[in-house]
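**Student:** Just so you know, the sequences run in chain order A and B. Per this note's numbering, numbering of the first sequence is gapless, rising by one per residue and ending at 264. Per this note's numbering, numbering of the second sequence is gapless, rising by one per residue and ending at 326.
Honestly, the hints are just simulated from the structure, not real lab data. Among the hints, erroneous ones may be present.
Distance windows between CB atoms, simulated [stated by the list, open to error]: (1) B:Leu232 to A:Phe69: 29 to 35 angstroms; (2) B:Leu232 to A:Glu252: 17 to 23 angstroms; (3) A:Asp213 to B:Leu171: 51 to 57 angstroms; (4) A:Ile258 to B:Leu195: 46 to 52 angstroms; (5) A:Phe194 to B:Asp294: 31 to 37 angstroms; (6) B:Glu17 to A:Arg243: 53 to 59 angstroms; (7) B:Asp294 to A:Asn219: 51 to 57 angstroms; (8) A:Thr207 to B:Lys174: 55 to 61 angstroms; (9) A:Ile258 to B:Asp129: 23 to 29 angstroms; (10) A:Lys110 to B:Ala85: 21 to 27 angstroms; (11) B:Arg114 to A:Glu247: 38 to 44 angstroms; (12) B:Phe36 to A:Lys259: 44 to 50 angstroms.
Calculated from the model, a selection of chain B residues having no Cβ within reach of chain A, i.e. all distances over 10 angstroms [to be verified]: (13) Glu3; (14) Asp14; (15) Phe36; (16) Asp39; (17) Lys50; (18) Ile52; (19) Val147; (20) Tyr167; (21) Leu171; (22) Thr177; (23) Pro184; (24) Arg192; (25) Met196; (26) Lys198; (27) Glu301; (28) Asp304.
Lysine to any residue pairs mimicking SDA-like chemistry, simulated, CA-CA at most 20 angstroms apart [said to hold, decoys possible]: (29) A:Lys175 to B:Ile124; (30) A:Lys173 to B:Arg191; (31) B:Lys156 to B:Gly247; (32) A:Lys173 to B:Lys295; (33) B:Lys295 to A:Phe245; (34) A:Lys259 to B:Gly324; (35) A:Lys264 to B:Ile233; (36) A:Lys259 to A:Ser249; (37) B:Lys316 to A:Glu251; (38) B:Lys265 to A:Glu240.
No experiment lies behind these values; they were computed from the predicted model shown. The C-beta atom is built at its ideal place from N, Cα and C for all residues, glycine as well.
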Amino acid sequence: MASLRNIIVTMKVTPKPEEIRFDPTTKTVDRSKATNEINPADKNALELALQLKEKYGGRVVILSMGPPFWDQFLKMGIAMGADDAVLISDRALGGSDAFVTSRVLAAAVKKIGDYSLVIAGEESEDGSTGQVPPGMAEWLGIPAVTYVSQVTDAMEDSIIVKRTIKGGYETVKVKLPAVISVELGINTPRFPDFERLQWAQNEFKTTIWGIKDLGIAENEVGFKGSLTAVTELRELRPRERLRQFIEGSPEEIARELIKRLGLK
Amino acid sequence: MSEWRGISVFIEQDNGELEGASLEVLTRAGELGRKFNEDVLGILLGHELKNIAKESSQYGADKLIVVNHPDLRHYNSDAYTEVMAYLINKYRPRYLLLPATRNSRDLAGRLAVRFRACLSAHVIMVDIDERDRKLVTAVPGFGGNIVATVVCTSGKPEMATVSPGTYEAKLSNKEATIIEETIPEGALRGRRIELMEKKTSPMPDLSRAEKVVVAGLGTGGDLELIKEFASLIGAAIGVTRPLADMGLMPRDYQIGTTGVSLRAKTVFVFGASGAPHFVYGIRDCGTIVAVNTDKEAPIFENCDYCVVADLFDLLKVLIKEMRGGK
Chain A
1 MASLRNIIVT MKVTPKPEEI RFDPTTKTVD RSKATNEINP ADKNALELAL QLKEKYGGRV
61 VILSMGPPFW DQFLKMGIAM GADDAVLISD RALGGSDAFV TSRVLAAAVK KIGDYSLVIA
121 GEESEDGSTG QVPPGMAEWL GIPAVTYVSQ VTDAMEDSII VKRTIKGGYE TVKVKLPAVI
181 SVELGINTPR FPDFERLQWA QNEFKTTIWG IKDLGIAENE VGFKGSLTAV TELRELRPRE
241 RLRQFIEGSP EEIARELIKR LGLK
Chain B
1 MSEWRGISVF IEQDNGELEG ASLEVLTRAG ELGRKFNEDV LGILLGHELK NIAKESSQYG
61 ADKLIVVNHP DLRHYNSDAY TEVMAYLINK YRPRYLLLPA TRNSRDLAGR LAVRFRACLS
121 AHVIMVDIDE RDRKLVTAVP GFGGNIVATV VCTSGKPEMA TVSPGTYEAK LSNKEATIIE
181 ETIPEGALRG RRIELMEKKT SPMPDLSRAE KVVVAGLGTG GDLELIKEFA SLIGAAIGVT
241 RPLADMGLMP RDYQIGTTGV SLRAKTVFVF GASGAPHFVY GIRDCGTIVA VNTDKEAPIF
301 ENCDYCVVAD LFDLLKVLIK EMRGGK
């Protein structure tokens, strides 16, 4: 039976997309009124990590990069069963793009060390680039398998995973350590354990690192370190539609639709 | 070293099957190449590529680099990254465009870090700035409600993955010169990902379907009548995210920001409330019919014909009418 070492799960907190408001005058995004949540796919990543730990051993460590208030969300992950949490929090990180994010997370993965697997959600609900998982793998010099739906087996030096491809799936064997990104909805994340939540909130201490702890300079992160820049934001309004209500008996509605759409 | 010039397009294939979205990106690259006087280079990796090389050469590229190797028959993150890195170092393209499919996004993420190059992900517009020649893209975020204009500030090649369906693939009147490349020994060694099994079934290209019937959560996952109606009117079937999350249909059939964007002439939407990330996926469609029991559902703000009814009742009657009242 294989025994896994650290299983590092990356986690992000995102505002619910439907609650984001756009201010057309200032051309800025207002996230202040949106509810924050753990990025949905990251919850699937954590659940997978916990299942792997139950089957193959190892320690589940949550890794996140964000403002200090994210700590309360990481503690939800601890209450779900993760062993440890690391939050990279530094003012200099504001405005970091996917390139910088993957670099910072990879540096933190190295510092945590002794890892078998890094598990990420396929993408985040806000930025949704999906670039961070393969980017981390490249920084770490290890393989990446993206869009994973299942880990079917784990050996000492490799795991077997099912990966979604167009019109189906492929099964691949990948050498450890590796980065995998998991698809949204691949499992049902467990609820936080109530007693463990009390403990997490009162006694557990998240490890907080700044960029200096990772040996990264200020000009390598944030807007300065990013290779892309946002020059303008605008709202994408759906096209104006007819919005005509068609009423009557189901037969009348059906006939009317068939006629208007020229279906016959 | 020579300077970074030209526009390269990664042409995705798997097991000899061409990814149609690559040709859309190639067509766009051809337009940009003509406008900015840049050579357009298609890059095709795979095995036994004669037919798709011929096809790919007809969409506006000046040259088509073909690497033919049995280890490249299927997408492999390690092998493709190494071979692409070799080709990028050799040809030094200023811009590199890829389709925003699963495999190409995987590849793009690795190459961007390898070259310390900028990358805009799943863009819905790609252009070159007239003044400074930087790559300019439009990137949707926050469920598709907000679009950011993104420019590359540093690094070469300037990269973007382009959402499938963003541009139309158009045959060009010129044919690309095919250049067969061999890759150095060792580029494919040290692979850490090994393919064990692969299962795919042919699926319709939803982004190109003329008619689509979409099932939302209101169907409760019961798609029988949806399928019957779709087949009667010759439509493809799509689902909203909750149904894909439930595993009822593969994500390839999911409509919206994290799935497919439709361009259909006619779309029926049964039992979807109309979340922004779904509406985003039907914004470019012709006529949209929505059926929902809730008169206040946001989907009615975003469709042409609104029907407040039980979707199963209406489907039964629609099926009957389409069959000539029987």
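**Student:** If a hint holds in the structure, say so; if it does not, say that too.
**Tutor:** Evaluated hints:
no.	hint	result
1	B:Leu232 to A:Phe69: 29 to 35 angstroms	violated, 53 angstroms
2	B:Leu232 to A:Glu252: 17 to 23 angstroms	holds, 19 angstroms
3	A:Asp213 to B:Leu171: 51 to 57 angstroms	holds, 56 angstroms
4	A:Ile258 to B:Leu195: 46 to 52 angstroms	holds, 48 angstroms
5	A:Phe194 to B:Asp294: 31 to 37 angstroms	holds, 35 angstroms
6	B:Glu17 to A:Arg243: 53 to 59 angstroms	violated, 41 angstroms
7	B:Asp294 to A:Asn219: 51 to 57 angstroms	holds, 53 angstroms
8	A:Thr207 to B:Lys174: 55 to 61 angstroms	holds, 59 angstroms
9	A:Ile258 to B:Asp129: 23 to 29 angstroms	violated, 49 angstroms
10	A:Lys110 to B:Ala85: 21 to 27 angstroms	holds, 22 angstroms
11	B:Arg114 to A:Glu247: 38 to 44 angstroms	violated, 59 angstroms
12	B:Phe36 to A:Lys259: 44 to 50 angstroms	holds, 49 angstroms
13	Glu3	holds, 19 angstroms
14	Asp14	violated, 7 angstroms
15	Phe36	holds, 19 angstroms
16	Asp39	holds, 24 angstroms
17	Lys50	holds, 22 angstroms
18	Ile52	holds, 15 angstroms
19	Val147	violated, 5 angstroms
20	Tyr167	holds, 17 angstroms
21	Leu171	holds, 23 angstroms
22	Thr177	holds, 29 angstroms
23	Pro184	holds, 20 angstroms
24	Arg192	violated, 4 angstroms
25	Met196	violated, 5 angstroms
26	Lys198	violated, 4 angstroms
27	Glu301	violated, 7 angstroms
28	Asp304	violated, 4 angstroms
29	A:Lys175 to B:Ile124	violated, 35 angstroms
30	A:Lys173 to B:Arg191	holds, 11 angstroms
31	B:Lys156 to B:Gly247	violated, 40 angstroms
32	A:Lys173 to B:Lys295	violated, 50 angstroms
33	B:Lys295 to A:Phe245	holds, 10 angstroms
34	A:Lys259 to B:Gly324	holds, 13 angstroms
35	A:Lys264 to B:Ile233	holds, 8 angstroms
36	A:Lys259 to A:Ser249	holds, 15 angstroms
37	B:Lys316 to A:Glu251	holds, 10 angstroms
38	B:Lys265 to A:Glu240	holds, 16 angstroms
Hints 1, 6, 9, 11, 14, 19, 24, 25, 26, 27, 28, 29, 31, 32 from the earlier list are contradicted by this structure; the remaining hints agree with it.
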